[in-house]
Amino acid sequence: GAVVSQHPSRVICKSGTSVKIECRSLDFQATTMFWYRQFPKQSLMLMATSNEGSKATYEQGVEKDKFLINHASLTLSTLTVTSAHPEDSSFYICSARNTGERAEAFFGQGTRLTVV
Amino acid sequence: GEDVEQSLFLSVREGDSSVINCTYTDSSSTYLYWYKQEPGAGLQLLTYIFSNMDMKQDQRLTVLLNKKDKHLSLRIADTQTGDSAIYFCAERARGSTLGRLYFGRGTQLTVWP
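Chains as they are written, first to last, in my numbering: chain W, 1 to 116; chain Y, 1 to 113.
Hint data in this document are derived by calculation from the structure and do not stem from the laboratory.
Heads up, simulated DMTMM-like pairs for lysine to aspartate or glutamate below, C-alpha to C-alpha not over 25 Å straight-line:
no. : chain 1 : residue 1 : chain 2 : residue 2
1   : Y       : K36       : W       : D27
2   : W       : K55       : W       : D27
3   : W       : K66       : W       : D88
4   : W       : K41       : Y       : E5
5   : Y       : K36       : W       : E104
6   : W       : K41       : Y       : D3
7   : W       : K20       : W       : E59
8   : Y       : K70       : W       : E104
9   : W       : K20       : Y       : E38
10  : W       : K41       : Y       : E38
11  : W       : K41       : Y       : E14
12  : W       : K66       : W       : E87
13  : W       : K41       : Y       : D83
14  : Y       : K67       : W       : E104
Distance ranges between label pairs, derived from CB positions:
no. : chain 1 : residue 1 : chain 2 : residue 2 : range
15  : W       : I12       : Y       : F9        : 24 to 34 Å
16  : W       : F39       : Y       : K67       : 24 to 34 Å
17  : W       : R112      : Y       : F9        : 18 to 28 Å
18  : Y       : K68       : W       : E59       : 29 to 39 Å
19  : W       : K41       : Y       : N66       : 25 to 35 Å
20  : W       : I12       : Y       : N66       : 38 to 48 Å
21  : W       : S73       : Y       : K68       : 40 to 50 Å
22  : W       : F39       : Y       : S7        : 10 to 20 Å
Some chain W residues close to chain Y (C-beta under 10 Å, calculated; not the full set):
no. : residue
23  : V4
24  : L44
25  : M45
26  : E104
27  : G108
28  : G110
The beta carbon of each residue, even a glycine, is placed where N, CA and C say it ideally should be.
Take the sequences, apply the hints, and build the full model.
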């Protein structure tokens, strides 16, 4: 299957700082990227959907000023957690897919964010 | 929104078959997926089935779809300890223009040696 690379895999930051997470599609053009948050022993919660060159569409309850998403190219999307707080600590996973009805979504390896 | 339900836990002995079940509510689902997540890792696409199919087999994996009952299952033959992981069922609705997926909570499969 296609490869989606997410970086970093783990990050620890201080409260009040910002953290950027990158999601890259390595061997295909990712027209659409999804950002998920996963709490321990729970399912994936979709945070936002982004199309290349457009503003991201955020799910209800997700603060767009808190979680900045940029999808400036067909191979890269970034999620920036601004002014991070301990409650933002979580596992963040991106997913990417190409256009087309049959296109599968491929996932990055996830980023474990710990805010101290 | 769409609901996808899975049982949370399944334990089997090595060498036995595992069957993970999933139910969904959206009758317009186009594709249904099974993903595997190992600890601390992202999701790995195992297999998917189009809604006009009843069954799909891929080596040790067999997916059965009962569209009338909105029931999906994943059977893993000859389960190995390396199969221990969380398995997520996901559906993609017909109206989902961007390919958004709706996930179940995941089934923790534990394989005992």
